[in-house]
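Got chain A; can you put chain B on it based on the hints?
Protein sequences, first through last, are from chains A and B. Remember, my numbering sits 51 above the position in the first sequence when you count from 1. Remember, my numbering sits 51 above the position in the second sequence when you count from 1.
Since the hints were derived computationally from the structure, they do not count as laboratory data. There could be a bad hint or two in this list.
Since the list can't tell identical chains apart, any single copy or any two copies may satisfy a pair.
To be verified - 30 Å max Cα-Cα, derived DSBU-like pairs, lysine-lysine:
1. Lys-465 <-> Lys-225
2. Lys-397 <-> Lys-330
3. Lys-206 <-> Lys-164
4. Lys-401 <-> Lys-91
Read off the chains here:
2 protein chains.
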Amino acid sequence: MEDTMNEILELFEAKRYKAIREALYQVDVPHMVDMIEELKTQDRVLFFRLIPKDSAAEVFTELSGENQRIIVSAISDPEIQEIMNVLYFDDKIDVLEELPANMVAKILKNTSKSERQLINQFLNYPVDSAGSIMTIEYVALSRDMTVRESLAHIKEVGLTRETIYTCYVISPTKVLEGIVSLRDLVTQELDVRIEDIMQEDVVFVSTWDDQEDVARLFRDYGFMAMPVVDGEHRLTGIVTVDDIIEVIEEESTEDFQIMAAMTPSDTPYLETSFWHLAKNRITWLVILMLTAMITGFIITGFNDVLQASVILVSFIPMLMDTGGNAGNQASTMIIRSIAVGEVEFKDLSKVVAKEFAVGVIVAVGMASVNFLRIYFLTPADLAVNLTVTMTLFITVIFAKLVGSALPLLAYRIKLDPAIMASPLITTIVDALALTLYFVIAKMMLGL
Amino acid sequence: MEDTMNEILELFEAKRYKAIREALYQVDVPHMVDMIEELKTQDRVLFFRLIPKDSAAEVFTELSGENQRIIVSAISDPEIQEIMNVLYFDDKIDVLEELPANMVAKILKNTSKSERQLINQFLNYPVDSAGSIMTIEYVALSRDMTVRESLAHIKEVGLTRETIYTCYVISPTKVLEGIVSLRDLVTQELDVRIEDIMQEDVVFVSTWDDQEDVARLFRDYGFMAMPVVDGEHRLTGIVTVDDIIEVIEEESTEDFQIMAAMTPSDTPYLETSFWHLAKNRITWLVILMLTAMITGFIITGFNDVLQASVILVSFIPMLMDTGGNAGNQASTMIIRSIAVGEVEFKDLSKVVAKEFAVGVIVAVGMASVNFLRIYFLTPADLAVNLTVTMTLFITVIFAKLVGSALPLLAYRIKLDPAIMASPLITTIVDALALTLYFVIAKMMLGL
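So here's chain A without its partners, still in its complex pose (with noise of 0.2 Å):
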């Protein structure tokens, strides 16, 4: 497949259009995608447009929020018109919503209104809710079909519904009654009825739920798809499988983002400017630069036990990092344990008595370790020794319990645990390592 990439690019260099067009019939959607970001982004449209028919609405969709603003502005109306109308509904409400206002009313212009409304309304749905990623094309059956005639209607619309593996048993009101699996309807007698074998005990999402939480019960249970309903459990659309991989990743990458004191963004790195960047980054890092002012203030406060011995300053760099790190260890492992539903509030008490294990054992290694090398390989002299092991040892424990707690107390009030990542905790766990390093300095230097 490299191989006829590379190919097809050589032929774009050298404006053979008609080759491309022809070697494209070859090429797959995603490896399209792929020679489409690479070109130059005035040489986007005129590349799209060599794509065959049949393959281009399915390209444009794939294609960032920043291609698709390109082309759209570039293409004609009917151009437009001829994608939208074999877009999946969910995938035509992904590309508005990407688009700015104006491209949406140019888009939408010819449209039916009943069209236009339904589109405005799912337009409306929260981002990462239920609503914003359900599709509308599922198959419906009703519950005195019978297999044959359910077999029958799917022969004639499956073509354009999304997913016909599940069918939606609704009511004339389309009131969700039950679920039949296209398994079912092939491996069952022609004559019986839907209702006999319909599974009636659903599980089902309402069309606010978050997206995160519809992706869990996705994981949990195995499904394919599933409904989408409102507050009167009438059926709104459905959530398929393909849609749910893509929130899990990013929910994932929300959660490496904030975890390192960035403002999430879902825009894919090489597509964001680096002033989108920028500001995504440096509010956390002036709020943690002024909140280290802390450790500034802890330091002058004890600035005589420091004149009186400056080898203590050379440790201080080890001290931070290994407290830093030892709560990372922590807050990663408890975050990532409630974003995937494997901990939650009512365990802290495990969690925080697990921890204080893992913490003493830690820190009687790495004390051991840290006496060691002090000993034998830097000029200080015991007392310095102790203070730095000792230091050591508390800090270490002390960041395990701050670094699994803080993030399920973050949790039990509803704020994102991701929050109290890294960055945060090793803030707080500086300002201690350093107070109890002075203070038991004073204590074994006498001072």
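Leaving out everything else, chain B in the frame of chain A:
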């Protein structure tokens, strides 16, 4: 559901086992799993035995390895056999992988020789390979069958296959020739031949491919299942999307753990012993502690500067934390972008250029805030203020460059980019920040 669950747990306390058995008919598998995991260890086997026969096997596969071991070692051979018989092949392999060798032997005792051979073959696929997550329960068709014959075949075997929604067309020697979706089968005329509707250009993976790469293909293509072939392009199994969701979560968890300087483990937190947790954490903590010695030597080397101006010490924690945070942001961004396939080594120059721009913007902002807060809030004189501010400025930019370049370089030499995360980056940035700080201090303070 919460109510029902609490009620059942109360019935359990009251030893009303018959009532529980009744009540459990209303409970779905994920909730039964939750209940078992809430019980005390000694109660789990008893509770498991109360679960309706229809659900027992499914509940069993969803339990953690530890709980599976508890149950297998307590129940009788016929009971084990009953569970194993209804499991899908991939679930059976998952269970066997979790059990110690003597229990595996106990289970395999009563299986046929051919199945035992197959199971042994599967147990030998490397952990995290496509082979280790695939199943053999797929629907196989041959190219000369008609749609009618195919549907009849599916009707017959459908209930014992993990998915029937994609069917695999194979030659008499099991070479993969194409795929047909059930959607195509139910929307086509009955007399059409499979070879006329099958898709021959099939995306497949090979048995030894890494599960992370398989997951990426699922995401790019939106598949429900993907065929796995051996070196001779013979179909050895299929991977289904529900297993891929687990793979994606596992791989993210692994990255979180590596990035926080831990040896990764996929055992749930609450079930990992504190000894094991301590073991996973101490190695990197000790390595990082020892490398932090370098910063100690740097400080000792500039002892004269510190003697001359002890106030410099009070800014060390802030400079170190800020450098670490700035580097952490960049490395997290790049490690995650590599993991989801958005950034590759060939983007190195683009990435570094972008991070340089981000670094300059962020550094200007932070240096300004820092200058003002020292000027107005601390007793340091202008020379010290400028020393701190200049060090901060350069450190932030350097941290962004190191944080973004190292994960890409690690990726290039086939190391896991996640190693180049906060802990290691912090150690490197610390060493630079301190050296820079003292060199600038020497100049500014005329030492």
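Lys-401 and Lys-91: within-copy, between-copy, both or neither at 30 Å Cα: between (55 Å within a copy, 13 Å between copies)
At most 30 Å between CA atoms: does that hold for Lys-397 and Lys-330 within a copy, between copies, both, or neither? Between copies, since 26 Å is at most 30 Å while 37 Å is not.
Up to 30 Å CA-CA - Lys-225 versus Lys-465, copy category: neither (35 Å within a copy, 54 Å between copies)
How would you label the pair Lys-206, Lys-164 (within, between, both, or neither) given a Cα cut-off of 30 Å? within (29 Å within a copy, 43 Å between copies)
When held up to the earlier numbered hints, the structure conflicts with hint 1 and nothing else.
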